[in-house]
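Below, each chain spelled out in residue letters.
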Amino acid sequence: MTFIAKPKLRHPELQRNKHGFTRRDYEGAVSTLCAGCGHDSISAAIIQACYELELPPHRVAKLSGIGCSSKTPTYFLGNAHGFNSVHGRMPSVLTGANLANRDLIYLGVSGDGDSASIGLGQFAHILRRGVNMVYIVENNGVYGLTKGQFSATADRGSKSKRGVENHSASIDLVMLAIELGATYVARGFSGDKSQLVPLIKGAISHRGAAFIDCISPCIAFNNHSGSTKGFDYVREHNEAVNFLDVMTPRDEITADYAPGSVQEIKQHDGTVLRLRKISEDYDVHDRVAAMHYLQKSKAAGDIVTGVLHVDPESPDLHDTLGTVSAPLNSLGKKELCPGKSAIDKFNAARR
Amino acid sequence: MPERKINNFVIKFANVNGSGSASANKLFARSILRMGVPVSARNIFPSNIQGLPTWYEVRVSEKGHLGSRGGVDIMVAMNAQSWNQDQLDIESGGYLIYDSSRPVPASKFRTDITVIGIPITDICNREFKDPRQRQLFRNMVYLGALSSLLAIDIAEVERLIQEQFSSKEALVSPNVQALHFGMDYAAEHFDCPIGFRVKRSSSVGSKIFIDGNSAAALGCVYGGATVAAWYPITPSSSLAESYEKFCKTYRHDHDTGRNSFASIQAEDELASIGMVIGASWNGARAFTCTSGPGISLMQEFIGLAYFAEIPAVIFDVQRGGPSTGMPTRTQQSDILSCAYASHGDTKQILLIPSDPKECFDFGYQAFDFAEKFQTPVFVMSDLDIGMNDHLTDPLEWNDEITYDRGKILSKESLDELAQFGRYLDVDGDGVPYRTLPGTHPSKGAFFTRGTSRDRYAKYSESGVDYQDNMQRLQRKFEQLRTQLPAAIIEEGKTKASIGVIYYGSTEPAMKEALQYLEEDGVSLDSMRIRAFPFGDEVSEFIDSYDRVFLVEQNRDAQMKSLLVSECNVDPNRITSILHYNGSPITARFIRSEITQSLDALKPSRKRKSISQKS
Ligand SMILES: Cc1ncc(C[n+]2csc(CCOP(=O)(O)OP(=O)(O)O)c2C)c(N)n1
Ligand code: SF4
Ligand SMILES: [Mg+2]
Chain A
51 MTFIAKPKLR
61 HPELQRNKHG
71 FTRRDYEGAV
81 STLCAGCGHD
91 SISAAIIQAC
101 YELELPPHRV
111 AKLSGIGCSS
121 KTPTYFLGNA
131 HGFNSVHGRM
141 PSVLTGANLA
151 NRDLIYLGVS
161 GDGDSASIGL
171 GQFAHILRRG
181 VNMVYIVENN
191 GVYGLTKGQF
201 SATADRGSKS
211 KRGVENHSAS
221 IDLVMLAIEL
231 GATYVARGFS
241 GDKSQLVPLI
251 KGAISHRGAA
261 FIDCISPCIA
271 FNNHSGSTKG
281 FDYVREHNEA
291 VNFLDVMTPR
301 DEITADYAPG
311 SVQEIKQHDG
321 TVLRLRKISE
331 DYDVHDRVAA
341 MHYLQKSKAA
351 GDIVTGVLHV
361 DPESPDLHDT
371 LGTVSAPLNS
381 LGKKELCPGK
391 SAIDKFNAAR
401 R
Chain B
48 MPERKINNFV
58 IKFANVNGSG
68 SASANKLFAR
78 SILRMGVPVS
88 ARNIFPSNIQ
98 GLPTWYEVRV
108 SEKGHLGSRG
118 GVDIMVAMNA
128 QSWNQDQLDI
138 ESGGYLIYDS
148 SRPVPASKFR
158 TDITVIGIPI
168 TDICNREFKD
178 PRQRQLFRNM
188 VYLGALSSLL
198 AIDIAEVERL
208 IQEQFSSKEA
218 LVSPNVQALH
228 FGMDYAAEHF
238 DCPIGFRVKR
248 SSSVGSKIFI
258 DGNSAAALGC
268 VYGGATVAAW
278 YPITPSSSLA
288 ESYEKFCKTY
298 RHDHDTGRNS
308 FASIQAEDEL
318 ASIGMVIGAS
328 WNGARAFTCT
338 SGPGISLMQE
348 FIGLAYFAEI
358 PAVIFDVQRG
368 GPSTGMPTRT
378 QQSDILSCAY
388 ASHGDTKQIL
398 LIPSDPKECF
408 DFGYQAFDFA
418 EKFQTPVFVM
428 SDLDIGMNDH
438 LTDPLEWNDE
448 ITYDRGKILS
458 KESLDELAQF
468 GRYLDVDGDG
478 VPYRTLPGTH
488 PSKGAFFTRG
498 TSRDRYAKYS
508 ESGVDYQDNM
518 QRLQRKFEQL
528 RTQLPAAIIE
538 EGKTKASIGV
548 IYYGSTEPAM
558 KEALQYLEED
568 GVSLDSMRIR
578 AFPFGDEVSE
588 FIDSYDRVFL
598 VEQNRDAQMK
608 SLLVSECNVD
618 PNRITSILHY
628 NGSPITARFI
638 RSEITQSLDA
648 LKPSRKRKSI
658 SQKS
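If you're matching them up, the sequences are chains A and B in order. Each residue of the first sequence is one higher than the one before, counting from 51 in the numbering used here. Each residue of the second sequence is one higher than the one before, counting from 48 in the numbering used here.
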């Protein structure tokens, strides 16, 4: 675990943005995730994106489900309210929060277990309702927090740390999101900051349901085969004692590659991810073409990254409901209560 | 003609679901109300949309006994499928009214009742061309016949038809015509009125006729609820639908076309309660409405709201369990699953209305309780109150009433605060201060989670912090005892040594039974429980009688269990009277159960009095 205390003192030379905030104002508590966990890189990218967009941090509401990924909202935007809700149900809590106050920025953080298994239903419905938000799934293909069980995004045929083979087809959240009507859909990789930060900034700036599937390697539970010698030793030790006893901190896996190109990423467990960055002439507005392209790439074994689909014009949930422009939570008795004269009339009509 | 038949009878309509009878039957009930005579009306319907039998039972009672009575004096048998049973249900000396268009052999009729045949189909076929009208106006024909037979003022029925179709003028005259065909036929062929009849009175007073779900929905509008999230389930759906309907009237700005409410039909009950929690966390007043199966699905989230101290208002319109149970029948069988809803040590607030008026009152008050105490609040209605029209006191609202939003810190108060602790017991009442997202740039933000945190909402798995928090929650709960609607205690005519406890929709049957028992020479004091946690008056009441009956509409004596475990009373001192067949409890049932139970005790009583004499 990383317990590196951050210096409390504010450096006078730290740059301030137009609201007078420094980058530090976008940070949160110290992460307690495993050193090298992809999720921490995503938190860093969120911090960077919010800083670059010069958002007032307290105008963001961070909502999550349960999992290592869902813990991360404490590690960024410390001056924003956060809500660690229940497993798989962040979307409904976020929807309710959004209904109450349409003026805040809603950031939903979830895991692949949280969104593709227990929460698949809520994942689907929040997207089809067009809730104005950014929904990020920190996708590691496993249940990190409960120690390495398969998630529904794990590829068919892959083996878990316990040597169990996954026989079920995997769920591709990006394809589902496009199908369900999300109006900004992207996929990133936790280690590719130069791509991820703009993806998050695009999602925040989008008005409507924005979804980002972010591949995020888990250093603890993707550590079975093809690893370095030292790592093999750790694995054997842990297998012998039958629980996770020793863990070696690992370096974050990074990537940097050009649009249109493919980069093979070797994870800590030796598995290889083939990331294909979409080329610059890709048309994000063509939903049908996007789905076709994703299917083709999947068949070829590529994981496509980048902004995959955008529909900038579609109405959000408040538009569909026709709610007033003032946040509902700002209305009081004066605006909400029909009063005594109305009740007298109401009674009279029921005699 | 015996007096007791005037303004005192039960009439039941046996119809086919989906045949348009519901609106005609309601007209019947309302026309009697317009004559100043109290009625109660109950739908008995299957879980089906079209085709199965459905019944509408109207009890006419000058004395205002409006619980279900049991037994039928007049059966309007419009459904061949249930014909046999319907006839059997008629009390001896009663009436059977049926469609005589097709001859029925005399052997098919009971001999101890009066049979009145109206050729309804023939009349409709003769008078109307359109097959749809022929079907629809059958209901108006029998309504007309009943007006003659029961001496209902036809002018009242006509006025109601006019009001009902005020926006569809063209429908008024064929409806009135059909009414008259029935009325004239009955007047020509029978000695009208028959024994049972309606006589103009002034017993209705200012009361209104409304179902509990509508009243509760209006309570939500008055209480300032802006977010509703729900999933359809009988018998609660009409609460959400009424809320939307009322909001279209009261919360829609005609100039801008905008709404100051949001109602979401969620994908399931988990999402419904999740949305309510999200909205309440963010400072809106929000509610959901459901029934037992939905409550089961919401359990995990309810625990989160309890521990994270987030307001949430949940209407449970109870029905018979389970999901494939008795969705269209009434019960009070979610008491325990709501009082202790969720995992871990949890206890929840229950408000238990007994009629639509209280559904309205508790409906708006629930939001104050939820916000003041930052916790879920259950309003425990049931199918009988929720889906049936009841004669109830007019709904009351005083413009002086303000919304108690509880302890929410504004930006200004945060500015003045040295340090904010979300779960800090500043006032010693167990209720901490909360902040809403987006309030202050640098103060008051925190990460909401269940219990793994300290008083300042900082992550902590320390057992000390956990216990500290649990004890504060307990303190908060304890002080609720004096803050919720108190139990209502009424004394019998003579000094009683027996008490009876009841709650919710049992009220009208209980009050009627108390009168009968009084007439039988058994005087009882009664207490109606209206909320959990219980106030001190509840255990004091139990302590002051030799014997206490507890009347409930469930099998397992759930309220008794709650009383025994929460008030530390001796279970042997409470005798349960339990009714759980899905139909509303009756005064007849309560009276006979109490009488039998007391009779069983008599020998020992006698012995006692003899020994006292000697
Ligand atoms: C109702 C419920 N069931 C099970 C759990 C246990 N649980 C906690 S986290 C988790 C899986 C998390 O996986 P994922 O969402 O992929 O997050 P990760 O830890 O991999 O980031 C499970 C099953 C729970 N918290 N709640
Ligand atoms: S277990 Fe995996 S997902 Fe969880 S913190 Fe460690 S590396 Fe990250
Ligand atoms: Mg995962």
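Honestly, the hints are just simulated from the structure, not real lab data. For each residue, glycine too, the CB sits at the ideal point set by N, CA and C. Incorrect hints may have been included.
As the list claims (entries may be wrong) - As a list, the in silico DSS-like pairs of lysine-lysine whose alpha-carbon atoms are at most 30 angstroms apart:
(1) A:395 to B:292
(2) A:68 to B:292
(3) B:292 to A:383
(4) B:246 to A:390
(5) B:246 to A:395
(6) A:251 to B:505
(7) A:68 to B:246
(8) B:254 to A:384
To be verified - Which chain A residues face chain B? A few, computed with CB under 10 angstroms, are given here:
(9) 64
(10) 67
(11) 71
(12) 106
(13) 123
(14) 129
(15) 131
(16) 248
(17) 252
(18) 376
(19) 378
**Prompt:** Quick check: which numbered hints come out false for this structure?
**Reply:** 2, 4, 7, 9, 10, 16 and 17
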